[in-house]
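Peer 1: The residues making up each chain are set out below.
Protein chains: 4
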Amino acid sequence: MEIGLIGLGKMGGNMAERLRLAGHKVVGFDFNPQATAKLTATGSVGVNSLEDLVANLTTGKRAIWIMVPAGDPVDETVAKLKPLMKQGDIFIDGGNSNYKDTIRRHDELKPQGFDFVDVGTSGGVWGLQEGYSLMIGGDEEPVKYLSPIFEALAPAADKGWGHVGPTGSGHFTKMVHNGIEYGMMQAFAEGFAILKAKESLNLDLAQISEIWRHGSVVRSWLLDLTAEALKENPNLEGLAAYVPDSGEGRWTVFEAIDLNISAPVITEALIRRLRSREDNNYTDRALSIMRNAFGGHAVKKS
Amino acid sequence: MEIGLIGLGKMGGNMAERLRLAGHKVVGFDFNPQATAKLTATGSVGVNSLEDLVANLTTGKRAIWIMVPAGDPVDETVAKLKPLMKQGDIFIDGGNSNYKDTIRRHDELKPQGFDFVDVGTSGGVWGLQEGYSLMIGGDEEPVKYLSPIFEALAPAADKGWGHVGPTGSGHFTKMVHNGIEYGMMQAFAEGFAILKAKESLNLDLAQISEIWRHGSVVRSWLLDLTAEALKENPNLEGLAAYVPDSGEGRWTVFEAIDLNISAPVITEALIRRLRSREDNNYTDRALSIMRNAFGGHAVKKS
Amino acid sequence: MEIGLIGLGKMGGNMAERLRLAGHKVVGFDFNPQATAKLTATGSVGVNSLEDLVANLTTGKRAIWIMVPAGDPVDETVAKLKPLMKQGDIFIDGGNSNYKDTIRRHDELKPQGFDFVDVGTSGGVWGLQEGYSLMIGGDEEPVKYLSPIFEALAPAADKGWGHVGPTGSGHFTKMVHNGIEYGMMQAFAEGFAILKAKESLNLDLAQISEIWRHGSVVRSWLLDLTAEALKENPNLEGLAAYVPDSGEGRWTVFEAIDLNISAPVITEALIRRLRSREDNNYTDRALSIMRNAFGGHAVKKS
Amino acid sequence: MEIGLIGLGKMGGNMAERLRLAGHKVVGFDFNPQATAKLTATGSVGVNSLEDLVANLTTGKRAIWIMVPAGDPVDETVAKLKPLMKQGDIFIDGGNSNYKDTIRRHDELKPQGFDFVDVGTSGGVWGLQEGYSLMIGGDEEPVKYLSPIFEALAPAADKGWGHVGPTGSGHFTKMVHNGIEYGMMQAFAEGFAILKAKESLNLDLAQISEIWRHGSVVRSWLLDLTAEALKENPNLEGLAAYVPDSGEGRWTVFEAIDLNISAPVITEALIRRLRSREDNNYTDRALSIMRNAFGGHAVKKS
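So the sequence lines, in the order shown, correspond to chains U, P, A and F.
Numbering-wise, the numbering used here puts 79 at position 79 of the first sequence, and it's gapless, one number per residue.
Numbering-wise, the numbering used here puts 78 at position 78 of the second sequence, and it's gapless, one number per residue.
Numbering-wise, the numbering used here puts 220 at position 220 of the third sequence, and it's gapless, one number per residue.
Numbering-wise, the numbering used here puts 175 at position 175 of the fourth sequence, and it's gapless, one number per residue.
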């Protein structure tokens, strides 16, 4: 079938190609003309305006997959697209939007005659070859209509995708997925740091992670990738101890608290990332001055 | 080759069978005569005394794999075995011993002419069919001698096992493996709890875990098993919110602190397990009475 | 001077009395006529309507201290009061409002000719006799105008109160104060729980807390109160292990994350309270089923 | 009465002076001759050998207060002193020893005819003027014998000291005291960091801490000292974000785990200190490389 795709970055570009390989017609737009040109070069239809995007979707309902950064870019894209769309057309938000925004957007568009489907999309840069895990929220009909797209993007037609619930469910589920991901990553990272610190045993972390990939309880895709990375750079040289967070982790923490669910591990994984970006932090300096004040303990000078 | 195996429980019994299927001769002992009889029934040699165990190992160095609970049972087994062993024979501790005990045992046995190899063994009840992940510590020679055994137990002859370092390295690495496992499990459990608590979306956790198994960043063996379990019992009915810990998690926490490594996620995963076993805990009651004392807040009565 | 006071509960009632003892005229309203009658009985002016409240404030600008639960009750009170007020009159929110609501309220009322002052008020049920700690936010002029009120409520005219910054600063500061309070309480509660658990030493917690009150590093008002409570009920009998949270703790956690500040202790203190209210929690049951799935570990049945 | 004192550092020197001011005869020894000379200058008896120390204690049982770093220095001091002591003499360990070492020492000395009393001593550099909080463990008789000493060191004869239980109880209680102290300090430090980070409000932390000292729920000695420190250096300039830990915090964490008590706040306070001393930590670099591996996220270079 035909699908429009807005945003041809790391994720969107690969998704377009996976769809094309499955026989779908992809019409793609990006603000970056190089990305558009690259899409055209692969055999899909790269366009330079939303008008052209819509004009090139000629068969059936128009379904447009938005793959842009969460927040304002999604609202802006929807606002620009809407005048070009017809009743019954489908907006798909495949990015990492907050599910509350998703519900708001759906509830605005639905009465205006548009469908809005949210798709939590996992798989990173490997999705092109391995397929994406798709958590889909929204109304029954448009989700059903789009099923050939989901079958193509997922690792297999009957695996790795599903309609998980009403509008917002897709993004909610993806948010929690990323929260879990934070916790898993932090667990592995701490474990490797402990192994590394045990200097008397002089352990080879690349070897250990490779062993664990086969038969151990912690075997996982994250471990596969980490083992590969450690093979190339076992001492993690040249890297700063600095870890961004992109939003979904903190939303998971907020949501857990709002739901009165205690989630210490996901929360600590987030807090640890915040800590990685604090420089000369006030907290530790305050501790230092308190120790000096009550106990006369020497402070370390900066 | 021939191998003795002491301890024919959930782990040991399966390992014996995997070794037999690979063509090795297994002589096994357990205090439970039923376990011994079961071993014999599968085609291995079940014996009812350590003397018989040793007597049935007739070719090459005697290698005896000890698969008993950590702590005193290992010391007792070694003490009973030692008078029956010859110079050059090999003790293998495949259980979850503390690596410090392992080093102590090795350092006692080595000058007496025995080898002692530590093998951190992961894989749980699935090891028979999928193979075990083996983290091996010890001296070069006995590890090399035992390689046919490791090749048989591991998922493949060249995968999932390795000599990771000097004596104690195997158990140290397995300890950290289990610490990571605690963190991963807790991350998943928290995520599922958040999904469950979002009642307005009425999410199907069995469906979601199945979707995640394919293409997502959190795909892992632990998720495979959890998806299976959720399919059978999505509301986890009949289970108590009670989680034991078997030692390796707390040792990982102690070790991290001794090494001055901050490991909040592994630590919180342990703390959360401790909390699951506290009944009418003093901490929360103390908070309750403090709130009453300063703010006049009502206390909930027990 | 004269002051109106809306909300004569645990906090408001005591504040009214402290103001009266300092020579101020207090006109108080509460939906509960008993609270109003009690106020009148102490020598202040209890009234049964907002109209009467305003009518009884006859000298100078009208200053009305709102001491009601955070959220809608504040908005409703302001909405009802506003038509009764004159240009230049002052609203004071002395409750535990979210500082963002405070800024919103101020920014609505200011252009309409009203002042709005936020006062974070700490001291609990002891404020009548010991005075309240007042963290004041707002514009210069109304804060200055109200200084006789603050001097009377604080422990001393020149101690325990201050204009800490622009609108919202008072409530922001009080929010963080409560976050710290959560952390302190949890630290004490954990410590007492550890002492209690060390059964071999059979420690007397009432005695220990009394010793600590004098000369120790942890001496504090919270400890004074806890020592008193432990004297009466050293085993905390009859109390449930159940701890509510009233909002400011979670706001502190949200704010820390929004500001990219890592605050693990305040956060864990909140999480622990959430945990105290989880019954048969899904997280621990999920851990239990995972342990069973990979390791064959027995689960505890509910 | 007479008392010997070994270790005239920050703590010991002040304790000697407080005892002298109360009318006791203090005979003090330190490896640093300047410390000994200083003691003599204040009117006590400074000596340069343990022999002289013992020789100068002429009335009643000899009671010798050991105020040296925990661990080997205590064992070495006891070993050197023992040949100089008589049956019935009393060793007092007033330092931060691990209570398990204390029990071991007591159990060795008692059958040899010596008493051994453990005193957890809190109060830091302020003890001289404000008195020390003393948590005392040991046998009934020697504790009773030493009561004039405890009355002099404590803030008042009947306040701030007590015999809390059998041998080890004093050090155990002090250990938990310090655990609580870690939690309280961290709670305050986090709170101040959040206030500081809220740049839009431009809060004055010295002013706020001063307000809190009077009437607030968090008022405490630690806050008194912090308010003083913030007055002098509100931006904590010149300080490194680096916080040592001296042992008792980690012992509290170990003990909590051994007792199966969940203590997240005390534990996180320790973990945060460990983190403050990690430079270019492996954990965060591992997270960084994982994010790159699965999501193609850019890494920050060191």
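Hints listed in this document are in silico derivations from the structure and should not be mistaken for laboratory results.
Treat the hints with caution; some may be incorrect.
[Stated by the list, open to error] Derived DSSO-like pairs: lysine-lysine, alpha-carbon spacing no greater than 30 Å straight-line:
#1 A:198 with F:159
#2 F:300 with U:198
#3 P:61 with P:38
#4 P:231 with U:100
#5 P:80 with P:25
#6 P:198 with A:198
Peer 1: For each hint, tell me whether it holds in the structure or not.
Peer 2: Structure-based check of all given hints:
A distance of roughly 24 Å separates the Cα atoms of residue 198 (chain A) and residue 159 (chain F); the hinted pair therefore holds under the 30 Å criterion. The hinted pair formed by residue 300 (chain F) and residue 198 (chain U) meets the criterion: a straight-line CA distance of about 26 Å does not exceed 30 Å. The hinted pair formed by residue 61 (chain P) and residue 38 (chain P) meets the criterion: a straight-line CA distance of about 26 Å does not exceed 30 Å. With a C-alpha separation of about 29 Å, the suggested pair residue 231 (chain P) and residue 100 (chain U) falls inside the 30 Å cut-off, and the hint holds.
For a cut-off of 30 Å, the pair hint linking residue 80 (chain P) to residue 25 (chain P) stands: about 22 Å separates their Cα positions. The straight-line distance between the Cα atoms of residue 198 (chain P) and residue 198 (chain A) is roughly 40 Å, outside the 30 Å bound, and the hint therefore fails.
Taken one by one, the earlier hints fail for this structure only at number 6.
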